[in-house]
Amino acid sequence: MSPSDSVATTPLGRWAERHGTIISAVVAVLLFLYDAMNLTGQYATLGALSLPLLVVALVLSAGMCAVYVFRFRAPRAAPALLVVAAWGYVLLGVGLSPAPVVLLGLALYFVGARFEWPVVAAAAVLVGGWVVVAARPQLDLGYLRIGEVGVLVLAGFFVATVGLLAQSRRRHLVALEDRAAQLARERDARATIAAAEERSRIAREIHDIVSHSVGTMVVMADGAVQTIRTDPGRAGTAMERVRDTGRGAMTEMRRMLDVLRDGDTAPRAPQPGLVDLEQLLDDTRATGLRVDLTVTGAPVTLPAGPDLAAYRLVQEALTNARKHGGPLLSVVSVTLGYRDAEIDLRIVDDGADAAPPASAGHGLVGMRERVAAYGGSVEAGPRAGGGFDVHAVLPTGGES
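In my numbering, the protein residues as written are 340 to 739.
Hints are not guaranteed to be accurate.
Pairwise CB distance ranges, derived in the manner of DEER restraints [stated by the list, open to error]:
1) T674 / L515: 42 to 50 angstroms
2) S672 / R529: 27 to 35 angstroms
3) M589 / A528: 45 to 53 angstroms
4) T633 / G572: 40 to 48 angstroms
Distance condition first, Cα-Cα at most 20 angstroms in a straight line; then the derived DMTMM-like pairs of lysine to aspartate or glutamate [stated by the list, open to error]:
5) K662 / D631
6) K662 / D728
7) K662 / D689
Please keep in mind that the hints were generated in silico from the structure rather than gathered at the bench. Where a beta carbon is used, it is the ideal one built from N, C-alpha and C, also for glycine.
Go ahead and model the full structure; you've got the sequences and the hints to work with.
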């Protein structure tokens with residue numbers, strides 16, 4: 340840790356750090372005035388100082404206070420200068436005085452909060468030695484007792500320890516912040532990978548749909564070629580179907596251009612849709628779970644892409660309910676509503692904790708990616724009364 344690093348970990352501490360120079364200046368001025376009163380008393384009342392020594396002592400006091408104010412600009416030199424100036428008090432015969440006692444204590448905290456423990460221990464020993472030597476005049480005059488000197492020495496070590504603890508706490512907080520940032524980066528990376536994998540899977544399925552549509556077009560075109568002479572009307576109907584199928588295939592192809600695709604081979608069989616929904620629910624019921632289906636509105640035939648997306652969304656919601664619904668899961672309600680130009684899907688269960696944990700696959704990511712590919716939206720989350728709610732709205736298709 341750099342000696343100049345910030346050590347504030349609370350809003351009040353950060354405020355004090357931003358206004359550190361002003362606060363330090365106020366403390367230094369008050370301390371100098373108090374120390375000047377003490378030195379003047381020793382000169383005028385006790386006669387312990389001559390006038391020249393009083394002037395030197397006042398200069399030392401002012402110098403120590405100035406060093407304290409600008410300690411952040413020289414974090415290594417400032418504590419050393421304070422110790423040297425404090426020994427000047429000893430040479431003048433002043434002994435313990437408010438300015439060196441208080442400033443050396445503050446310096447011990449300053450050093451403890453910024454340097455490693457060997458440096459802090461050495462500083463505490465130096466200050467403790469100064470206290471013992473500086474207290475000698477007061478001990479001889481009976482103004483102090485040896486126990487009080489010991490308390491001052493222990494107080495110095497205590498202040499240094501508090502500084503070390505503040506440094507340790509700050510390092511711990513910095514480590515936690517770094518770890519949180521790392522976890523956030525890892526989470527974002529996993530989400531990006533999951534989205535890429537899901538887009539690749541969707542692209543393969545769209546490829547299957549387009550391949551199936553093209554194959555159907557070829558078969559119908561062959562039939563039209565065979566009947567164009569003998570039954571032109573039938574051939575025209577077949578070509579109209581080829582046209583409609585081609586339009587649907589072009590729509591799916593345009594969607595596929597926006598989705599990254601692996602070079603993996605994939606099955607070429609047609610994909611399921613809402614026409615297979617009842618079979619999907621029956622398979623789920625076979626596991627012992629009650630599944631209720633409610634259909635509102637007039638059913639319409641969906642394009643293959645949205646049809647597959649709706650089917651997969653119900654399939655994923657049922658899978659999540661079985662895996663994460665807990666022992667209280669008893670029923671899953673599936674509501675399919677056909678509305679103008681869109682379908683509304685809602686899958687609700689009554690499990691105790693049906694929300695899949697963050698580490699349990701990428702089902703929710705897949706839902707959103709799949710539905711978003713067709714201009715739809717998905718909302719999923721726990722219900723207030725327990726269980727999980729998945730709500731999706733999908734356009735019914737058309738050219739894009």
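So, going through the hints one by one against the coordinates:
no.: 1; hint: T674 / L515: 42 to 50 angstroms; result: holds, 44 angstroms
no.: 2; hint: S672 / R529: 27 to 35 angstroms; result: holds, 31 angstroms
no.: 3; hint: M589 / A528: 45 to 53 angstroms; result: violated, 35 angstroms
no.: 4; hint: T633 / G572: 40 to 48 angstroms; result: holds, 42 angstroms
no.: 5; hint: K662 / D631; result: holds, 18 angstroms
no.: 6; hint: K662 / D728; result: holds, 15 angstroms
no.: 7; hint: K662 / D689; result: holds, 13 angstroms
Violated hint for the displayed structure: number 3, the only one.
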